[in-house]
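**Q** Chains W and L are the protein sequences, given in the same order. When we follow the working numbering, the leftmost residue of the first sequence carries the number 1, and every step to the right adds one. When we follow the working numbering, the leftmost residue of the second sequence carries the number 1, and every step to the right adds one.
What the hints contain is simulated information worked out from the structure, not anything from laboratory work. None of these values were measured; they are calculated from a predicted model. Where is the CB? At the ideal position from N, CA and C, for every residue including glycine. One or more of the hints may lead you astray.
What the hints assert, rightly or not - Straight-line distance between alpha carbons at most 25 Å, and here's what the computed DSS-like set of lysine-lysine pairs gives:
no., chain 1, residue 1, chain 2, residue 2
1, L, LYS5, W, LYS80
2, W, LYS24, L, LYS65
3, L, LYS35, W, LYS24
4, L, LYS65, L, LYS5
5, W, LYS12, L, LYS80
6, L, LYS57, L, LYS41
7, L, LYS5, W, LYS35
8, W, LYS24, L, LYS53
9, W, LYS35, W, LYS46
10, W, LYS35, L, LYS24
11, W, LYS35, W, LYS58
12, W, LYS57, W, LYS24
13, W, LYS58, W, LYS11
14, W, LYS35, L, LYS11
15, W, LYS35, L, LYS54
16, W, LYS57, W, LYS11
17, L, LYS5, W, LYS41
18, W, LYS11, L, LYS54
19, L, LYS41, W, LYS65
20, W, LYS11, W, LYS41
21, W, LYS46, L, LYS80
22, L, LYS58, L, LYS5
23, W, LYS53, W, LYS65
24, L, LYS12, W, LYS12
25, L, LYS11, L, LYS57
26, W, LYS5, L, LYS53
What the hints assert, rightly or not - What the simulated footprint calls covered on chain W by chain L, stretch by stretch (three residues with Cβ under 8 Å from a Cβ of chain L suffice, anywhere in the stretch; the number is not a length):
no., stretch
27, 27–36
28, 69–81
Unchecked claim - Cβ-Cβ distance ranges computed for the label pairs, FRET-style:
no., chain 1, residue 1, chain 2, residue 2, range
29, W, ARG81, L, SER74, 22 to 28 Å
30, L, ARG81, W, GLU52, 43 to 49 Å
31, W, MET1, L, GLY30, 15 to 21 Å
32, W, ILE14, L, GLU18, 17 to 23 Å
33, L, PRO70, W, LYS54, 37 to 43 Å
34, L, SER74, W, LYS11, 40 to 46 Å
35, L, LYS5, W, ASN50, 27 to 33 Å
36, L, GLU61, W, THR76, 24 to 30 Å
2 protein chains.
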Amino acid sequence: MFEAKVTIGLKKGITDPEGATTLKSLHLLGFDTVKEVRSQKTFLIKMDENDEKKARKKVEEMCQKLLTNPVIHSYTVDMKRV
Amino acid sequence: MFEAKVTIGLKKGITDPEGATTLKSLHLLGFDTVKEVRSQKTFLIKMDENDEKKARKKVEEMCQKLLTNPVIHSYTVDMKRV
Chain W
1 MFEAKVTIGL KKGITDPEGA TTLKSLHLLG FDTVKEVRSQ KTFLIKMDEN DEKKARKKVE
61 EMCQKLLTNP VIHSYTVDMK RV
Chain L
1 MFEAKVTIGL KKGITDPEGA TTLKSLHLLG FDTVKEVRSQ KTFLIKMDEN DEKKARKKVE
61 EMCQKLLTNP VIHSYTVDMK RV
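Produce the complete structure using the sequences and hints provided.
**A** In structure tokens form, the structure reads like this:
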């Protein structure tokens, strides 16, 4: 059994409206030392697999087919045996 | 300057519709070894602060005031000097 942690962020240069809105709201609340906010999405995926290499390859495939939009997203995959 | 990484997930027992839908879609795509999908949200917050303890306290306050809903969310904060 493996747990894959897929962290999905926006590529450099792609506007992050959620991060921008959060930054504005934090300033309005008085947190004026905050300089930047970026948002990310994470999926924790538990898989019934024995081979880490094979499992990772499947996760990469999931990212390309469903989890990310390659035009705007970059992502990282961390595998952990559980 | 510190970067806080705030990872927000759902508390145990709270339904994760995004995770459930993703799991279903992965099964439909043929990834039948996937057993569970959980979704999380991350904010990367850059702050112009010198004292880590103070900075962390502010981030905790941000979480309580804006970033999380204490009824359904649990969160972790990691501080990194940048």
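**Q** Decide, hint by hint, whether the structure agrees.
**A** Against the structure, the hints come out as follows:
no. : hint                           : in the structure
1   : L:LYS5 to W:LYS80              : 20 Å, holds
2   : W:LYS24 to L:LYS65             : 14 Å, holds
3   : L:LYS35 to W:LYS24             : 39 Å, violated
4   : L:LYS65 to L:LYS5              : 16 Å, holds
5   : W:LYS12 to L:LYS80             : 21 Å, holds
6   : L:LYS57 to L:LYS41             : 20 Å, holds
7   : L:LYS5 to W:LYS35              : 14 Å, holds
8   : W:LYS24 to L:LYS53             : 24 Å, holds
9   : W:LYS35 to W:LYS46             : 35 Å, violated
10  : W:LYS35 to L:LYS24             : 39 Å, violated
11  : W:LYS35 to W:LYS58             : 37 Å, violated
12  : W:LYS57 to W:LYS24             : 39 Å, violated
13  : W:LYS58 to W:LYS11             : 22 Å, holds
14  : W:LYS35 to L:LYS11             : 29 Å, violated
15  : W:LYS35 to L:LYS54             : 16 Å, holds
16  : W:LYS57 to W:LYS11             : 22 Å, holds
17  : L:LYS5 to W:LYS41              : 12 Å, holds
18  : W:LYS11 to L:LYS54             : 31 Å, violated
19  : L:LYS41 to W:LYS65             : 21 Å, holds
20  : W:LYS11 to W:LYS41             : 13 Å, holds
21  : W:LYS46 to L:LYS80             : 28 Å, violated
22  : L:LYS58 to L:LYS5              : 13 Å, holds
23  : W:LYS53 to W:LYS65             : 18 Å, holds
24  : L:LYS12 to W:LYS12             : 34 Å, violated
25  : L:LYS11 to L:LYS57             : 22 Å, holds
26  : W:LYS5 to L:LYS53              : 28 Å, violated
27  : 27–36                          : holds (count 6)
28  : 69–81                          : violated (count 0)
29  : W:ARG81 to L:SER74: 22 to 28 Å : 24 Å, holds
30  : L:ARG81 to W:GLU52: 43 to 49 Å : 32 Å, violated
31  : W:MET1 to L:GLY30: 15 to 21 Å  : 19 Å, holds
32  : W:ILE14 to L:GLU18: 17 to 23 Å : 21 Å, holds
33  : L:PRO70 to W:LYS54: 37 to 43 Å : 40 Å, holds
34  : L:SER74 to W:LYS11: 40 to 46 Å : 29 Å, violated
35  : L:LYS5 to W:ASN50: 27 to 33 Å  : 31 Å, holds
36  : L:GLU61 to W:THR76: 24 to 30 Å : 29 Å, holds
In summary, the structure is inconsistent with hints 3, 9, 10, 11, 12, 14, 18, 21, 24, 26, 28, 30 and 34 from the numbered list given earlier, while agreeing with the others.
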